[in-house]
Structure formats: structure tokens, C-alpha cells
Amino acid sequence: MSTQSVSTSAPLFETVIGLEVHVELKTETKIFCGCKTTFGSPPNTNVCPVCLGLPGALPVLNRRAVELAVKAAMALGCHINQDCKFDRKNYFYPDLPKGYQISQYDRPIGEHGHLEIEVGGERRRIGITRVHLEEDAGKSSHAADGTHTLVDYNRTGVPLIEIVSEPDIRSPEEARLYLEGIRAVMQYCDVSDCRMEEGSLRCDANISLRPFGQTAFGQKIELKNMNSFRNVQKALEFEVERQTAMLQRGEAVEQETRRFDEATQTTVLMRTKEEAHDYRYFPDPDLVPLAIDDAWLGQLRAELPELPATKRRRYVEELGLPPYDAGVLTSDPALAHYFEAVVAAGADAKQASNWVMGDLLAYLNNRGRSVADAPLAPEHLAALIGEVARDTISSKQAREVFQISCETGTDPQTVIRERGMAQISDADALLPVIDQVIAENPKSVSDYLGGKQKAIGALVGQVMKATQGKANPGMVNRLIAERIAAASES
Amino acid sequence: MLPTIREIADSLRRKETQPSEWMAQSLAAVRERDGAIGAFLTLDADGAVERARRLDGQPQTNPMFGVPFALKDNICTEGLRTTAASRILESYIPPYSATAGQRLADAGAVLIGKTNLDEFAMGSSTENSAFQKTRNPYHSDAVPGGSSGGSAAAVAAGLVPFALGSDTGGSIRQPAAFCGVVGLKPTYGRVSRYGLIAFGSSLDQIGPLTRTVEDAALVLQAIAGHDPNDSTSAPQPVDDWMAALERGVRGLRIGVVRTGEEEGVHPGVQAAVDAALRTLEGAGAEIVEVALPHAQYAVASYYLVAPAEASANLARFDGVRYGRRVVGETLTDMYERSRSEGFGLEVKRRIMIGTYILSEGYYDAYYKRAQQMRTLIRQDYEAAFERCDVVVTPTAPTPAFRFGEKSDPLQMYLTDLFTIPANLAGLPGLSVPCGMVDGLPVGIQFVGRAFDEATLLQIGHAYEQERGFPMPTPEVAGQ
Ligand SMILES: [Zn+2]
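From first to last, the protein sequence lines are chains A and B.
Heads up, the first sequence is in this note's numbering, so the first residue is 5 and it goes up one at a time.
Heads up, the second sequence is in this note's numbering, so the first residue is 2 and it goes up one at a time.
Misleading hints may appear alongside valid ones.
[Stated by the list, open to error] To spell it out: a stretch of chain A is covered by chain B in this simulated footprint if at least three of its residues, at any positions, have a beta carbon under 8 Å from a beta carbon of chain B; those stretches are: (1) 95-101; (2) 125-133; (3) 345-352.
[Stated by the list, open to error] Cβ-to-Cβ under 7 Å is the rule here; a few derived chain A residues that face chain B: (4) Phe-17; (5) Glu-18; (6) Pro-53; (7) Arg-92; (8) Phe-216; (9) Arg-284.
[What the hints assert, rightly or not] Not close to chain B: a few residues of chain A, all C-beta gaps over 12 Å, as computed: (10) Glu-32; (11) Lys-228; (12) Glu-266; (13) Asp-288; (14) Gln-355; (15) Ser-399; (16) Pro-477.
Derived by calculation from the structure, the hints in this document are not laboratory data.
The beta carbon of each residue, even a glycine, is placed where N, CA and C say it ideally should be.
Please model the entire structure based on the sequences and the hints provided.
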């Protein structure tokens, strides 16, 4: 496989990657009209004169879209341009009803931000050039025979932010981690669902190679059509290999746009530089400049939640979790929220982490479900963890209880009670049984007294059998030893 | 000839007449005389009769109630063909109505049809209409002006008491002057642009063409005010313009910009404007001289800004969703054929100029500098308004010219040199008839402070009262 040859040989060139990420904002209505943003409606049902670009229709800015964009930009550490504006980006395409896209050119809503990622235990800071607000285009479906194209304008005018990174990313793996980081931040701020399969997060990449030590960038290639984080990494890995081979052969890399082909797991040429666009940006005269005053900005800043980087640090420093655990738990705000609720309900942090990252995630992943549909409430998981800590049940039993609770919806403590799973850890309850077993098995007792330590196992087994396995085996072991010792002394 | 809005409103108020009667009279006038004029592109006779009939017997709610009117055909009307006088929209029927037209309908005014214009409002003679010629009611060989030539001619010929036009560089005021009617371009942002097919979005403004200044005030009263559907419409409260009319001109300072042959001003036009100024002075106004030093760059700046904006505004006419589509081999082919066949020569010229102006590397040299010039022109006006309340020039340097006379586009562009500065500065401008030259009407233009339509209407109305002579009725209008 292509990735192997790259990763096994020492790299000859330094990889330079920059990413452009489009994130759909979670507003009820579109950015410049009152149409719904609902995903999956029948084609061309969420449309009006404005988003269809009918003659005479005018855009009116949705303030909610501005709020979400500002929050996203602030969460990425951007400077917010409190006096920004909208520009027209001119090009012809059937999914672009006005013949221009309303976007932001030289005054984006946010600039000069960054995102921290952890690569192999090392912290890396990826610069973010800009975050700007714009409208989405429609969706074209081309007939297989090439005779026609159908266009659905439901998506036209859905608010987007474009997050442009600095060329700070140095490997395909870093690119994937950066994307996961962006998604986490967006989800924490509740500005987007970031569902790549529904197109609410899309990513284009620029990648170039250069000899180590060289400061000038190599010729960049633009990559498109990557519909999962894994594919972004794969496409970039393929490009690293392809461009390395070209450079080794002494060939020049030409500026071009390529797309990832999922079937062949390669990138293929889309267009060369000659076809590059002049978008003829100019300020949109239909919209007044956007002023974000201090009060509005302050209110939005106050609404920002604890962000993943801060949370990760807190889990390590205050809860004593290993960095790996902290990373996994904070990758998704719903997961972090669940974990925190388990801890808040009284569970030990490390135990809670083990359960959440282990049995819970495995259960959800097997069923393709999200944390939001977790079958067990956090306080119930905390209760289950508590029963193990109190020796009511064994760890092995606990996993069984977890499965039963998840499948039946019955809370763990009820499961333990109803199924009589509680361990008998009460000496007063166990002693009569133990005394009876000792009395009935003189051979084992004498073997034990004769130095055969193992003989006690047979006695414990008899007690477990007599209690249908409910006895706490550790306690039974100790009590038998004590009783035999007491009897032999007297 | 239909009477003024005021006369119709008074008659309806006194219950001497019913809306249906005025509608019948208006439709009869159109049928009888529009063949010679060509003001209307679309007539909605059945709809108009029905709408007027429903008002009969209803209480009059305001002066617009039951008054017939026309709209320039770049103002969208739900269910009624709206073409912008372009082949590309020849059979386009909008699913919604423009705010300005809707406000009139809500007030009870009754739309009878849509009037001719230069294609997409690009022109100064209405000769650029893809469909028909509109003749000046005063002279069948003369143009009505443009681009709102159909609206101006319809009012001048007495087919309707008023019509709405749109003014990007003089397209209400210049045809008003050429046709001997009153034309008001309100302050940018005063009237909603929602539903006006955009030409130069930062310049476009809808306004009335009427027979009297009082009627212009009545129409403005009905259409002005903030519209949540137009982000550029101003939050300024709507004034009581009827009250402003009666204030007279005593104590008002009228700033005069000296014009002459350098600007190509016809001596007869100059004389008519000078006479009007003497009339105003006699009525108690003070005349002061002012200068607009940057106005000489207005036409050049306008022909950068307007085509640049137009090049983007007209991109939506691509044959994909509505309007004319010419099938092609490829997508690009379809675009090229649809637009080549759909747009006329002047529209194509401006799209190409605008596209060039916005191209990478030229933006700063052209578009940005033109926008900077707008600031200087606005500052010129601000300085002038330190010394006066309105600035006066002729509306147009000449009376209406003949068909085909301005075949050179540059000569045509220069006919708007006095009206363009107000659009660049976003200021209100009013053209009032002030005399006849060679049998054709001439207009005087008043430009006021932003959102001070009140003073313009006040001066215009006072001038009408003091003018001392009636504007002759065009022969074609009958009695
Ligand atoms: Zn819409």
C-alpha cells in the first residue's frame, strides 16, 4: 500500500500543508433570507426569491449567523474585526443563483488565530490565517448520460464559515489531527454539527514539498473531494508519495487542482493553473458594513464554553487522568459532558474514564450510535462503578450488569438486586455455610493443615457452590483460613 | 387627460366619483393614445378593472385610494410580466411584488400596467428598449428621455396621474424634464429597492413621476420608509411632506452652480432656468453662488461604478432558472448563447466595461478611485450646503433630442451630467418643468441635503405656484 513506502523510508522532503475548512453554521434560517436550513428536505422546497437570486431580491443579514461565526473565530483565538464587510465573489455556475457568492474578501470576521494539536505526545500550534463568513451554494446532480444537470437550491444561502490555516501542517497525520481539533472546537461552541457525510464540514487541502532546510515553498497542489478525515489523510499521503517520486525523478511539480478518488485511493487531475479564476471581488452594495460593537462581542465571549485544550489540561492536572485519556474524552463535547456527569455523580475519575472510553464507547461504536443516545445515564454508570468499589459485585459481574442495563434500560442497581448478583460479603451470613463445608470436608481440611495450600481452593469452591456463586470469593478464602486456624488451635 | 392625484382624491372624497370611473378613463386614454406614444409594455386591463371595482363604495383611506398608476417595467409585480425591456426576461413573471409597488397597492392605488424603459434602465432615451420606441408626447420625433421614458411619457400624455420610475444616474429626472412632468429621486435609502431589478445597487432609487410637486409629495408619502427586506433602506422616520409644501421660499437660500456652453447647455435651457431663479428670488428666496469642483469627474466616476455593479447584478440572467435559455453544447455554450441573444448592445457594453473594471489589477485604478471620487463629490455638496439649502442646475443640458441623434454612447452619457452627481452622493433631486424651448419642455433641478426631501418639495411647490404660466398640454394628450 502506498502509505507504507512513505512511512518506512526516511522522508527526503519536508511536507507543507495548509487546509481550508468549510463549516456550516447551525442556524435555524439561512444567512440572507428566512428559509429553513433543514438538511434532507425534498429538493427546492426551502427556497425563496432571495436565495433563488430572483431579479430584484435583496439579502438581509441573519445576526445569528454572525454570532456563531464570531464565537467560532474567538474559540480559534482569532482577532475579531469589529468593522467587517461582505464582498461579492463573481463566477458562473448553475448552483450559484446570483452569479456571485456573498463572501468576505479583505475584512474577514476573524484573523490571526491558532489551534493547538497533540502529535505523538508533542504539542503543536497551527496558525489560522482567517475565518470568514459566506453563503453556501446549491447542490448539482449530473445525469449519468451527461445530458442534463439537476440543481437543488435548498442549501443555497446556508451560512458557512471558511477557516483557512497557515501552511503550518507538516504531515498528513497532523492534517487529520487538525481537522479533529477544528471539529471539536466547533462542536464545543455549538456552532456546527460538523457532519462530513452531510456536508456540514468540508475540507480542501494545499500541499507542497521542499527539501529540508529550504525556506521557500515548493509548488502547491490543491486537493478536493475528500469526504472523511481518513480520506484527507490518505489523499495527502498519496500526494506526498507522488510528489516525492516526481521530485526524485527531477520533474517539476506543476500547480494544479486534483481530487481524491475513493475507488482507487489516489488523486486525479481536475484542472491546471490556466483555468484559474479571477473572482473580481468588490464590496456588496446590497449590504451595509457589519459593525460588531463591544457589548455584543463581550456577550458572545461570555457565552463561550470551556474549550477542548483547556479541558484536556484540566483533566490531566486536576483529575489526574493520563494525557491519552484526556485527549480521547475531550475530542467530542458530548463525550466530555457525559464523563464529567459520571464524575459529578460520585465516581472515581480514572474508573469513570476507563468505563466511558472502554465499555461505553465500544457499545456505542458497535451500534453506530452517538453519546447523545447513550443507553445508560451518567449517574447510573456512576452507581455501577460505586457497587464495584464497595465490592458488591466483581468487575467481571459489573460488565455483565452494564450490558444488561444497556439492553433492557433497567438501572444497574435494580439489575443487581433482581438477578441476585450482589456478592455476599457479610461474614455473619457466610460463616454458617463455611463451618458446614469445613465439617463436611475433613480430607481437604487435613490436606490444608498438612501444608497443601491449594486444598483451600476446593473448600472455597464448595462455599461458592453452596451460595450459587454470590459469595465474595476473597472474603470466603480469608474466612476459611481463619476458621481452620482457630479450630486447630483450640 | 386624467387630472392630478389631488383632484382625483378630492373627487373621491366628495363621493362625486368612484375608483372604477377613473380606471375606465385611464384605460380609455391608454387605448386611444398609447398607440402613438408607446409608453406601455404590458397592460393589465382586466386586473385593473377588477381591482378598481372592488374599491367602489369603500371608504377612502388616503389620497392614493382608487388612483390609477403605472410602474416602470423593472419593478417586479407578482403574477404580472416584468421584463426590464430585455429579451432575456421577455416572458418572466415574478412570484413577488416590489415593496414600493406593494405599498401603493396596499394604500388602494390601482396598477394598470408596466411602462417601457431602456433595457435594464441603461440609457437616457428609452431607445435601448428591446421591444419598442416610446415617443415624447410633445413631439413624435423626439425621445421621451430615459431610462424611465415610458413612465414619463405616460404621465405627460395624461394616461395615468402618476407612475413610478427608477433613477440610477438621472433616469427619473431627465425624462421628467424632457416630458414636462415632475420627477423626484429620493435620497438613497429613502424608498426600498426590494423588487427593483438592480442596475447599480449603490445608486438605484425608486421615485415618482407626477404632474405636480404636490402629487410627488403624496406618492413619496405612500412609498417611503424603512423596509426590513432592504438592508440599505434607511431607518429615518417618514416626514409629513404635505405640511412642508405650504412653507413657501422666503428665507431659503438657493445655491446656483454656474453652467454654460462648456457643459453643452442649450442657451434656451439656461434662459429658462435663469428665469425660474428670478421667480424664486422674487418670492423671497436668496440666491447664492456655489461650486461643486469635483462634479466634472462625476460622469467618468459614474461610468465606472455603475457598470461594475451592473456586471455582477446581471450575472444572474444565465438561462438556468428563469428567463431566456438558448440550448448549447456545453454549459459555457449555453451561458454564452443565452446572454448573447438575450442582452442588447448597450447592456453588453456595460457588462464588459464593468467586468474589466473589476478585474484583478484594475480594481484599485478604477473602481476604488471612482468610489473615492464619490466621497469628494459628497464633500463638495456638504460644503455647498453650509451656504445654501438646495443646489440648482438645469436637469438636462438640452431639451429632448431626436431619435438616433445620440448614436455615440459618450454623447448619450453626457446628457446626464447634471443628474449623476446626486446619485453618486446619494442625495435627493427634484426636476420641475420650467419652460418650453423649441416646443419641448425644459426642467430645473433642485438637489437637497440627505433625507431633506421636504425642502425640495417646498421649493418645487412654491415655484409651481409662482411660475406664472401653465405648462402647455401636449397635443397628443387632448383636453
Ligand atoms: Zn430563501
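Quick rundown of the hints versus the structure:
Look at the region 95-101 of chain A against chain B: 3 of its residues bring a Cβ nearer than 8 Å to a Cβ of that chain, three or more, so the hint holds. Residues of the region 125-133 of chain A lying with their CB closer than 8 Å to a CB of chain B number 0, which falls below the three-residue condition for coverage. Under the rule that three or more residues need a Cβ within less than 8 Å of chain B, the assignment of the region 345-352 of chain A is violated, with 0 such residues. Look at A:Phe-17: its Cβ only gets to about 32 Å from chain B, farther than 7 Å, so that hint breaks.
Taking 7 Å as the C-beta contact cut-off toward chain B, the hint placing A:Glu-18 at the interface is violated, the least distance being around 31 Å. At a threshold of 7 Å, the smallest CB-CB gap from A:Pro-53 to chain B is about 5 Å, leaving the interface hint in force. For A:Arg-92, the shortest C-beta to C-beta distance to chain B is roughly 5 Å, which falls under 7 Å, so the interface hint holds. With its C-beta approaching chain B no nearer than about 35 Å, A:Phe-216 sits outside the 7 Å limit, and its interface hint is violated.
Because the beta carbon of A:Arg-284 sits about 4 Å from the nearest beta carbon in chain B, less than 7 Å, this interface hint is met. At roughly 17 Å, the least C-beta separation between A:Glu-32 and chain B is larger than 12 Å, which holds for a residue marked as non-interface. The beta carbon of A:Lys-228 is kept farther than 12 Å from every beta carbon of chain B, the shortest such distance being approximately 19 Å. Every beta carbon of chain B lies more than 12 Å from that of A:Glu-266, the smallest distance being close to 25 Å; the non-interface claim holds.
Distance to chain B contradicts A:Asp-288 as a non-interface residue, since its nearest Cβ pair spans about 8 Å, not more than 12 Å. Every Cβ of chain B is farther than 12 Å from the Cβ of A:Gln-355; the closest lies at roughly 56 Å, confirming the non-interface assignment. Interface exclusion of A:Ser-399 from chain B stands, the closest Cβ pair being 63 Å apart, more than 12 Å. With a least CB separation of 75 Å from chain B, A:Pro-477 remains clear of the 12 Å interface cut-off, as annotated.
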